[in-house]
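The primary structure of each chain is shown beneath.
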Amino acid sequence: MNGGALAIDRARSALLGPAGLDEAAIARALGELAGGGADFADLYFETTSMRSWGLEGGRVTQGGFVMRQGVGARAAHAGQVSFAHSADIREGALLDTVRAVRTLERRGETRRHPQGVALNRRVAGHDLYPAVDPVAVEDAGAWIAILKRIDEQARAHDPRIVRVDANVRATDTTVLVADADGLLAGDVRPMTILSMVVIAEHNGQRARGQAGLGRRAGLDGFDAASIDTMIATATRMAVNNLDAVPAPAGEMPVVLGPGYPGVLFHEAVGHGLEADHHRKHLSAFDGKVGERIAAPGVTVIDDGGIAGRLGSLGIDDEGVAPDRTLLVEDGVLTGLMQDRLNAGLMNARSTGNGRRQSYAHLPMPRMTNTFLANGAADPADIIASIDRGVYATEFDGGQVDIVTGRFNFTTIEAWLVEKGRLVAPVRGATLIGVGHEALRHVSMIGNDLALDSGMATCGKQGQSLHVSVGQPTLRIDRMMVGGQAG
Amino acid sequence: MTRLLTQTETELREAAQLAVELAGRRGARARASVHHDAVARIAVRDGEVETAERSGGQGLGLTVFHEGRRGSASTAGFDRAAVERVVEEAMLIAGHVQPDPDADMPAADALAFSGPAPLLYADSPRGPETLLDAANTMNRIAIGVAAADSRLRAGESVAVATEGLWALATSDGFCRSALRSNDARWTVMLAQDEGGGISDFCQSQERRADALSSAEQLAKAAADRARGALGARSVDSRRCPVLFEPRVAAILVGELAGALTGTAQHRRMSFLPGPIGRGVAAAHLDLHEDPFEPLGLASGGFDSEGIAGSPRAILRCGVVEGLFLSSFTGRKLGLSSTGNADGYYNLRLTSTAESGDWAEMLRMLGAGLVVTQFQGGKTDPASGNWTQAVRGLWVEDGQVVHAVTDVTLAGTMPAMLNGVRAVGRDVERLGAIRTGSILIDDMLVGGRA
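Here the protein sequences come in this chain order: A and B. If you read the first sequence in the working numbering, its first letter stands for residue 15, the second for the next number, and so on. If you read the second sequence in the working numbering, its first letter stands for residue 127, the second for the next number, and so on.
In isolation and in its complexed conformation, chain A is listed as follows (with noise of 0.2 Å):
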């Protein structure tokens, strides 16, 4: 697919270009940059578009149109990083960026560089997503007939669905990275993400579903098939929570789905093994690397290099190609997730998970595609296994208090489980847990590894991120289970 190979090209013409900026520019820039004395400095050029329909009451009555651009600047001398960003990538305003960071820095010139930091590294290619503009306005009549039927086909799959919304967001992201060790790398980051809310009425009950079908690619990236999964998921979700009896509460054992439901790991374990928390003492998971902390069969990966995942990355926005990271191996921790500020203070190398929501954020530690590999149990026999507990398949995010280990995720599906049969659907059933505590008590994993749907996000320190989770089918001997019927 050439996202590599293209994308450096595709960077410098997109961002260099109308901006009036040359390498040769970049260069000084870099050089007044590293100026202080830096372990490390680097611009983060970054340029997007967003083009987004929106479907509702029937119609597509909304359209969107979103670019932006800008550049960050930064600098570090052991752990302080000195940081400024502008909307203006001009080669003045660059400079100004520049010396804002220095001012920051309160050092004095101890390095000179007077021609520029020579810009003579590159990064191989990729094939994890094509370099293709999903944005272009060609394809609106296209999307706009696509909503359409996901109003249409909703509503006749079940008479009881009174409303439907949906949307398009298709976004093109193209970054170019330099630093002073002399990196420069590019990459276009293709996205489109297509999603859907129904609500359901009967008998004065009120009921929601939600689906949603996120790609790195553009409207052909989008196939029938899927597109009737996503809408039947939702409408299924509606119809059923319809039903909903109250979740039971207290402590039981819980089955949780392939896909999405992973989640569990992204919060219990991934977020804890981020290296920036280990380097301040701050994670659960602190002095452990090469402890067991899971049940024997407990594998946990992050792998940015799964092709056409959200997650994926060609590089990382500090120009890394992202690793495939063993966090968990059969029950034992084995890896952190490093970008490369940490990595170069706790001597390790970066693993290509240095990510950043924006131009205007710094790059911390961030998880990719994070999921618990396969097991050997038949899905069928997990849930047969259960005498009384809860299966869920579809939550609304997660949180975890990285100090504690404490983590929550919230079902929007979920059935109670009595002798081995589901009896009926609950509602709102928040499962919590300790991370450490929860990974000891899986005892059956599934060989239907899934990865969710594409509509994963992740948020930390007040930065949202696109991301991968996925499970298999397993099963969790102890959780607290917060539900309404006592």
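Among the clues, some could well be false.
[As the list claims (entries may be wrong)] Computed cross-link-like contacts, DSSO-like style, restricted to lysine-lysine with a CA-CA straight-line distance of at most 27 Å:
1. Lys504/B x Lys474/A
2. Lys474/A x Lys346/B
3. Lys474/A x Lys302/A
4. Lys458/B x Lys162/A
5. Lys474/A x Lys294/A
6. Lys294/A x Lys346/B
Since the hints were derived computationally from the structure, they do not count as laboratory data. Quick caveat: nothing in here was measured; it's all calculated off a predicted structure.
Using the hints provided, position chain B relative to the given structure of chain A.
Coordinates of chain B only, in the frame set by chain A:
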């Protein structure tokens, strides 16, 4: 006058008017909103600067109205080429979407061409050196507070200053602008004992730096919160009264207000359908909105359509008197805009029921759960089903017995609103919302057994 901004009010107004004028040449009516913000931020930990940031942001957003259709586009550039591109894109969108008669601009006579403009800016020192001093001072004091208790460790101390400009122009000749400022400080404290670690923080946010809480107040409150959360354990599942501290009570007030927004109402994503004139909360509760409070964190003279809000009752004696409407959501509901296209202004929850300070509220709680933090959960906007994982304190005979964690709270928003017994005099301002602690008579706590 400003300390951080690099553009002037005049430049922003001219950019907004240019966008409207160019759209007019294409035969469209239009509205353009232009903003410019500048931020300085210093974070200090263990006596060292951890991050120092200086940033500037800007944007121009245009909405065109053409033959019953609407298109929106925005850009980060204010130069003529960028503005022309935005007009082009907005017109293209208006050419593709279906018409919606409710999406027209408001009538010109609804616009706040003049009228009160609340003070949103205070001149305060906001340069990086000032913030560095402030963050260093907070960090030094936090380290001092932590030194007095071996269980405590100071986390980061952060000082942030923001200044912003906003200009709005429409093809009805409306053109107004506003200058805003915001100062914030916070301190993080970590506490550790044999049972594990916990972190908590205390934050202060104002439009003028000299109104901020002192470094001593922030460090002491963060230390008290972190220390108070040590030794937390679960409790058995039960029904009991629950007291929400002001900082979580404000979130509940925000959920009530969210259900009364025009968007929630017309999309039928509200657990309070058809609420006007209906009693939706305990009869001793009033909720008042004030757009014009000087230096209020959610004050404003007009919304992003150019319509002014008004000081008014949203709830009176538990009965809904007002919604938060834009001209679009107003038309969808057969009502007029309330000047709330950008959401609600400053809100204050009050009660005529028996009340008291924090200690008295604990006595009124008697035996039950104090909620100090929501850790995550969900409010279903359609049904009002509400669940949260919470952290808090267990109280017997009005006295705190131990810290609580690993419990969930469940209820429905309509039942919770009707179940409010008291609102404390321990009022805090959290962004747009002022409230004291909220005591709810009977909720379901999900715990160990």
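The hints, checked one at a time:
For the given pair, Lys504/B sits about 19 Å from Lys474/A by alpha-carbon distance, which is consistent with the 27 Å threshold. Between the alpha carbons of Lys474/A and Lys346/B the distance comes to roughly 26 Å, so the proposed pair stays at or under 27 Å and holds. A C-alpha spacing of about 22 Å is found between Lys474/A and Lys302/A, which places the hinted pair at or below 27 Å, so the restraint holds. A C-alpha spacing of about 20 Å is found between Lys458/B and Lys162/A, which places the hinted pair at or below 27 Å, so the restraint holds.
With a CA separation close to 15 Å, the supplied pair Lys474/A and Lys294/A stays within the 27 Å bound. Among the hinted pairs, Lys294/A with Lys346/B is consistent with the structure: their alpha-carbon atoms are about 22 Å apart, no more than 27 Å.
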